[in-house]
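S.K.: Each residue of the sequence shown is one higher than the last, beginning at 1 in full-length UniProt numbering.
Honestly, the hints are just simulated from the structure, not real lab data. Watch out, some of these pointers could steer you wrong.
Said to hold, decoys possible - Dumping the calculated DSS-like pairs for lysine-lysine here, alpha-carbon to alpha-carbon at most 25 angstroms: (1) 284 / 329; (2) 71 / 138; (3) 437 / 329; (4) 14 / 174.
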Amino acid sequence: MQIVEDLHAARIEKKMDLPVVQACGELTCMEIDLADEESHISSNIFSGLNTLIVIDTNIMISHLTFIKYLKDANIPGIGRFLLLIPWVVLQELDNLKRGKILANVSQKAIPAVHFIYTCLKNQDPRLWGQSMQLASQKTQSFNTDNNDDRVLQCCLQYQNLYPQAEVILLTDDKNLCNKALVSEIKAYSKADLVAAFQKMTPKGTIISEDTSNNKWGKDKYPKKTEKSSTNRLSEIIFDMEKSLGDVLSSILETELKIAFGDLWLEVVYHKPPWTLANVLECYKKHWMAVFGQFISRSLISSIEYLYAHLCKDKIIGYSTLRNVLWESKMLLEMFSSRSTYDGFLSRALAQMNKLLKTVEEMESCKGENSKDILKSNLGNDTCEKMEDVILSEHTQTEDKSPLREPSAQENRHMEIWSVLESVWNRINVFSFEIFQKVDLSAIPPTSNMSSFQEAFMDLQKLMSTVNEILAGIQQVLVPNSSFQDVWALYRFLTNNEVNNSTKFTAEELYDCISQEIYRTRLSVGCGQLIQLEHTVRQCYESVLLDIKNRGWF
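Required output: the full structure, derived from the provided sequences and hints.
M.R.: Shown next, in the form of structure tokens:
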């Protein structure tokens with residue numbers, strides 16, 4: 001308790017007070033990506049978060065082993081939770097590490113700084129850091145006279161940003177606990193939090209009391225059990241919703257500002273800060289007036305699909321999650337022709353690709369054992385409705401409901417769609433190679449045209465191929481299209497040069513692309529092909545002009 005008292009005294013005497021904008025060590029000099037996005041008001045998104053545990057300095061100093069355990073723990077009864085380090089705590093730890101304020105604390109501050117630094121650098125999804133920008137924002141009707149107040153301000157800010165989540169302050173400073181309770185913030189000491197968790201946890205599950213009790217000891221730290229597929233899918237859904245929310249909110253704000261200027265906040269359907277559901281509802285409301293001006297209006301079906309599967313508490317399993325990731329990826333790729341949106345788009349696409357690969361690997365490993373078992377909204381009700389999910393290993397309850405396996409028809413649709421994906425990938429690779437070969441800026445004007453002819457013929461072949469598949473896709477996407485409209489696309493896909501492995505009939509192709517999810521994907525692909533066709537045509541015209549100027553034609 002001496003450390004807690006020393007830290008409390010240092011705060012009261014304002015020995016550790018610094019201007020919010022001042023960096024003083026490796027933590028406060030970091031670029032905290034997540035937190036920086038939080039300062040961008042519209043990027044505060046995640047509707048499935050249950051609890052945010054705000055960690056005070058004295059906890060990081062005195063109970064680091066417990067914090068390391070807590071970060072990776074799955075505790076039944078409280079749902080999805082995260083650890084949050086306020087900006088002022090990052091400042092204090094950087095200061096304490098240098099040993100100029102409390103010499104007896106500096107050695108304990110060093111491992112705490114290293115732990116937080118590693119988590120933030122690796123973008124650990126279970127530990128967040130408040131950004132300097134967010135800490136600089138004033139909270140209405142709340143004055144910050146000292147560092148205690150800044151910790152409380154952080155709690156209040158996150159209560160506003162995540163109204164669906166319970167914000168808990170974890171501190172051993174009784175004075176700060178009392179201040180928190182007066183400000184309507186739940187506050188626990190470390191011992192009280194452990195006791196509260198024990199009440200919610202089934203018998204047989206151990207939560208550490210304190211490292212000083214040597215319950216585990218240095219060599220008795222419990223080995224991490226292998227995460228169940230339920231927990232892993234839960235984490236993937238969490239990462240997907242956070243990434244999707246961030247990028248869609250950035251796009252939403254950018255496009256509303258372009259459309260309405262300074263009046264955008266008066267026009268927008270939901271005022272920020274937004275949840276993922278808020279953002280998707282804004283897209284639906286403003287689709288025709290804003291987004292339909294520069295991308296296909298038919299893509300509203302993608303927004304509705306994402307809303308239905310992510311915001312209505314539907315059970316999500318491997319196949320559904322894979323489809324949602326594909327839907328998200330293709331929607332974002334459609335926006336990529338418009339702008340990079342300050343890098344949000346490329347980061348989100350990279351994350352979607354990474355998560356999609358993970359899901360596909362998990363699905364292939366699980367095989368027939370995959371089951372739609374997760375709810376995207378991991379709220380308190382979800383934790384209580386055990387019949388809706390596979391219970392974690394803590395409860396050891398057997399689920400005897402029948403497994404949900406993809407039907408033969410669904411598998412057939414995936415096989416046929418994989419042909420379209422393969423064609424698209426080959427066209428992408430081929431076009432990239434051709435654009436490099438016909439780049440006349442890299443060919444000396446004195447070069448002989450014979451070395452260039454093959455590449456130019458390939459460019460013409462690429463243009464013909466893109467036009468042919470684009471015409472086939474556009475024909476089946478017309479309103480009220482019929483079976484007869486599929487033949488052009490079918491003839492292209494069954495050409496031996498295009499596909500000589502997966503065989504299917506025109507009826508099977510029509511049945512596949514008549515499904516809502518594949519029709520939506522086809523709409524996205526059509527938009528991308530239109531962009532590619534435009535690029536190929538521009539390249540062709542530019543090369544023709546250059547050839548004439550060189551006297552080759």
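S.K.: Each of the hints needs a verdict: does it hold here or not?
M.R.: Quick rundown of the hints versus the structure:
1. 284 / 329: 18 angstroms, holds
2. 71 / 138: 29 angstroms, violated
3. 437 / 329: This hinted pair is violated, its Cα atoms lying about 29 angstroms apart.
4. 14 / 174: 18 angstroms, holds
Hint violations for this structure: numbers 2 and 3, all remaining hints satisfied.
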